[in-house]
Amino acid sequence: MAEMLRSDVMLAFAVMTAVTVAARLGGFWLMGYVTVTPRVRRMLDALPGSIIVAAALPVAINGGPVVVFAILAAIVATVVFRNDFIAVIVGMTVAALARACGFG
Amino acid sequence: MTSAKSAAATNAYWSRTAIWPGIVAIGPMLPGTLAFGMAFGALCAQKGFSLAEVEVMMLVVYGGLSQFVAVQAWPDQLTASAVAALALLTLTVNIRFALMSASLQSWFGSLPPWQSYPSMLLVTDGGWLAATRYRDRGGADAWYFVGGGIVLYLVWAVASIPGYLLAEQLSDPRKYGVDLAMPAFYAAMLVPAWKGPRRAIPWLVSGSVALVVYWLVAGWWFIIAGAISGAISAGLMDDDATSASDPAHG
Chain W
1 MAEMLRSDVM LAFAVMTAVT VAARLGGFWL MGYVTVTPRV RRMLDALPGS
51 IIVAAALPVA INGGPVVVFA ILAAIVATVV FRNDFIAVIV GMTVAALARA
101 CGFG
Chain C
1 MTSAKSAAAT NAYWSRTAIW PGIVAIGPML PGTLAFGMAF GALCAQKGFS
51 LAEVEVMMLV VYGGLSQFVA VQAWPDQLTA SAVAALALLT LTVNIRFALM
101 SASLQSWFGS LPPWQSYPSM LLVTDGGWLA ATRYRDRGGA DAWYFVGGGI
151 VLYLVWAVAS IPGYLLAEQL SDPRKYGVDL AMPAFYAAML VPAWKGPRRA
201 IPWLVSGSVA LVVYWLVAGW WFIIAGAISG AISAGLMDDD ATSASDPAHG
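Protein sequence lines, in the order shown, are assigned to chains W and C.
Numbering (the numbering used here) for the first sequence: 1 to 104.
Numbering (the numbering used here) for the second sequence: 1 to 250.
Worth flagging that the hints you see were computed from the coordinates, not collected in a lab.
It cannot be assumed that every hint is accurate.
[To be verified] Incomplete in silico selection of chain W near chain C, CB under 7 Å:
id, residue
1, R24
2, R39
3, A56
4, G64
5, V76
6, G102
Please read these numbers as outputs of a predicted model, since none were measured by experiment.
Just so you know, even glycine gets a beta-carbon here, dropped at the ideal spot from N, CA and C.
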């Protein structure tokens, strides 16, 4: 029976946690010292969309045609149904079906 | 400035009426979170972690993508340099949380620190996106973000257990399209964020920079590089009539 909680693993988790907590709190803390000028306001307004595109686009393109197609299907589903839930299900289902049929 | 006025008019407050709407808003994330957590539990079982260890990681690290990446790259021997490498890997994946919490300052910054900082521990992709959309509509109730965030946290923590126990059947999450859960949710979030081609220029900049960095630089720096480039490009663009327009429900 392996040890339930290995101490070196716990140490590694602690370091990962410290880094993650620092990221979550650090941005909020730093922003408290920034004066929100109209320019900063525009930058903050553009941030959500920019993060989304930066995080998803390379992964989508690297994922190949199945992933790109599934994401397009999710976008179409959002436009048609205006429902995030349906969009996620459509994206996952399209990818799972395409792979089951031997694509990707 | 109108922006300062509207910010002052929408200081954060706590009202339980927003708890349920906040939970409903992260609802679309739940199947993906559940599936992602299960896939992660299965991966950990294959990598020789104990279930107790997995649960500790789910509850304290609480960064799905970073956990996945770290466990896939988990070293055989946890030397000091191996732990440092894990820390750097975690940082590159999770530094986007700093941008997300920074954008929440204009909302949660009006709360006392003992309320705002613990709230920031709940920042995740899904919770933050849902909260951002609520904020865009003029919402200011802190419970909207915190209530949804707590539910996401609990679902995430529980999801790994069946995954760990069913590791054999779930060894290939791609088969069930689990890897599409997050990208599909992202795509769904972009549709309502669309406010005309001019406002999408930063997205174009962000995507282009992210792609170039993705191909040229190893690791996960592409997320932060693209996101910051997009934001900077928005800051450099001249203000125009449309970019000053708010939902103006206040």
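A quick look at each hint next to the structure:
1. R24: holds (5 Å)
2. R39: holds (5 Å)
3. A56: holds (4 Å)
4. G64: violated (11 Å)
5. V76: violated (10 Å)
6. G102: Since the shortest Cβ distance to chain C is 12 Å, the answer is violated.
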